[in-house]
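Protein sequence lines, in the order shown, are assigned to chains A and B.
My numbering puts the first residue of the first sequence at 914, with every later residue one more than the last.
My numbering puts the first residue of the second sequence at 19, with every later residue one more than the last.
Do not take every clue at face value.
Unchecked claim - Which bits of chain A does chain B cover? Going by a derived footprint, with three or more residues having C-beta under 8 angstroms, they are: (1) 956–963; (2) 1016–1027.
Said to hold, decoys possible - Pairs of lysine to aspartate or glutamate, DMTMM-like flavour, derived with a Cα cap of 20 angstroms: (3) B:Lys59 to A:Glu921; (4) B:Lys62 to A:Glu921; (5) B:Lys62 to A:Glu955; (6) A:Lys990 to A:Asp968; (7) A:Lys962 to B:Glu75; (8) A:Lys962 to B:Glu70; (9) A:Lys973 to B:Glu119; (10) A:Lys1022 to A:Glu921.
To be verified - So the derived label-pair ranges between C-beta atoms look like this: (11) B:Arg117 to A:Thr933: 27 to 33 angstroms; (12) B:Asp115 to A:Gly914: 31 to 37 angstroms; (13) A:Thr939 to B:Val56: 30 to 36 angstroms; (14) A:Val995 to B:Phe25: 18 to 24 angstroms; (15) A:Glu982 to B:Thr118: 27 to 33 angstroms.
Calculated directly from the structure, the hints in this document are not laboratory data.
Beta carbons are placed, not taken as given, at the ideal position from N, Cα and C, and that holds for glycine.
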Amino acid sequence: GNSVTQMEGPVTLSEEAFLTINCTYTATGYPSLFWYVQYPGEGLQLLLKATKADDKGSNKGFEATYRKETTSFHLEKGSVQVSDSAVYFCALSDKVDNFNKFYFGSGTKLNVKP
Amino acid sequence: EAGVTQFPSHSVIEKGQTVTLRCDPISGHDNLYWYRRVMGKEIKFLLHFVKESKQDESGMPNNRFLAERTGGTYSTLKVQPAELEDSGVYFCASSQDLRTEAFFGQGTRLTVV
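This is chain B alone, in the form it adopts within the complex (with noise of 0.2 angstroms):
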């Protein structure tokens, strides 16, 4: 069974444009959470889908941020101007319920110049 997949790997982007991230979760897996980590720092809660729903996006920074997940399948995350604050390695999850084990894809790292 294939884990929880993320596009791209790497990616380099000036200041001022757009970027989106994609997260495609386990199979079968309702939960989708993406966490992000700027600067070597702490790994932060960005927000939370259940299906295609957004649960808890307490954590998103601003409005430059834009998460979705239509369909309740995949999920992306747009950035939209990029800063250079925005570097750092975001990750995406996916659990089958809110009570089990959450499942990490490898991370994005995001570069902006």
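In isolation and in its complexed conformation, chain A is listed as follows (with noise of 0.2 angstroms):
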């Protein structure tokens, strides 16, 4: 069946660390990834997204590689701020299935301090 799997957090980093959220998959098709974040008080937001291996998705500072070989969609950024702190899904789709009926992760909370 498809699921994911990421690094449980907290994760708590100074500002301007490097930052990764492993995210790993396994999928019965050809999945879509995609990096969900929730800030504080708000709904969940499309961050960014892969539809094919090699793909690179990147938003806001943020990327993440689809990297079909290792089943894996880490999430990366060079240089946190204070205003990344949130909670972070990685998500899949089956294209052939339905676009939109994801399955995510556990989510992956960032604190980022001053």
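Need the complex rebuilt from these two chains, each delivered in its own frame; the hints are there to steer you.
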């Protein structure tokens, strides 16, 4: 079946530190991969996505590369800011089934300290 | 343009009571999805409406949960009777069609005591 595993948090970093949040997946088909972010008091927002192997999604300084050989989609940012403090969810969807039927990971809370 | 709106933002009820959550999708979005996150775990798919029809309800946990979307506009999710394990955050999302981006609401935090 389809599932996503991401590193447990919380992750606490100082401002300007490098961020990596690991995400691996299991899929029956050829999925699209996503990172969603939930800022305090807000809903889920799409951060970035990749739809095929070796694609790199990027947004707001965050990047993730679709690695089919390692079934991974790790989120990275070179220099985090306090405003990046949020919960980050890795997700996949099976394009054949339903593009918006997501399988999410358990979320990783990021705390960035000034 | 208004985003996806969910009511209430937070609900605290006693075990055995009934609660109804509401979701107003973005205007013109035929597709509406319900998800929930229980006990800080992964967010899980509950069901998918296309207009007023249930396209996929494979994620509904049991028959205590009833989702409706009369008229194909807003949707309600009723839990009757509520159990302790139903506590969590219930998210709603909508999309214009199956292959365009879905936008999520802020969620309803349900606490069953």
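Status of the hints after comparison with the structure:
Residues of the region 956–963 of chain A lying with their CB closer than 8 angstroms to a CB of chain B number 4, which satisfies the three-residue condition for coverage. Only residues whose C-beta sits within less than 8 angstroms of a C-beta in chain B count toward coverage, and the region 1016–1027 of chain A has 5 of them, enough to reach three; the restraint holds. Annotation: proposed proximity of B:Lys59 to A:Glu921 holds, straight-line Cα distance about 10 angstroms (limit 20 angstroms). A distance of roughly 17 angstroms separates the Cα atoms of B:Lys62 and A:Glu921; the hinted pair therefore holds under the 20 angstroms criterion.
For the hint pairing B:Lys62 with A:Glu955, the CA-to-CA distance comes to about 18 angstroms; that is within 20 angstroms, so the pair holds. For the hint linking A:Lys990 to A:Asp968, the alpha-carbon distance of about 17 angstroms falls within 20 angstroms, and the restraint holds. A distance of roughly 25 angstroms separates the Cα atoms of A:Lys962 and B:Glu75; the hinted pair therefore is violated under the 20 angstroms criterion. Restraint check: the Cα-Cα separation between A:Lys962 and B:Glu70 comes to about 29 angstroms, which exceeds 20 angstroms; the hinted pair is violated.
Note on A:Lys973 and B:Glu119: the hinted pairing holds, with a Cα-Cα distance of about 18 angstroms set against a maximum of 20 angstroms. Under the criterion of a C-alpha separation no larger than 20 angstroms, the hint pairing A:Lys1022 with A:Glu921 is consistent with the structure, at around 8 angstroms. Checking the proposed 27 to 33 angstroms range against B:Arg117 and A:Thr933 shows it holds: the Cβ atoms sit about 30 angstroms from each other. Between B:Asp115 and A:Gly914 the Cβ separation comes to about 25 angstroms, which falls outside the hinted range of 31 to 37 angstroms.
A beta carbon spacing of about 21 angstroms between A:Thr939 and B:Val56 contradicts the range 30 to 36 angstroms that was offered as a hint. The supplied range of 18 to 24 angstroms is broken by A:Val995 and B:Phe25, whose beta-carbon atoms lie about 31 angstroms from each other. For the pair A:Glu982 and B:Thr118, the supplied restraint of 27 to 33 angstroms holds, since their beta-carbon distance comes to about 30 angstroms.
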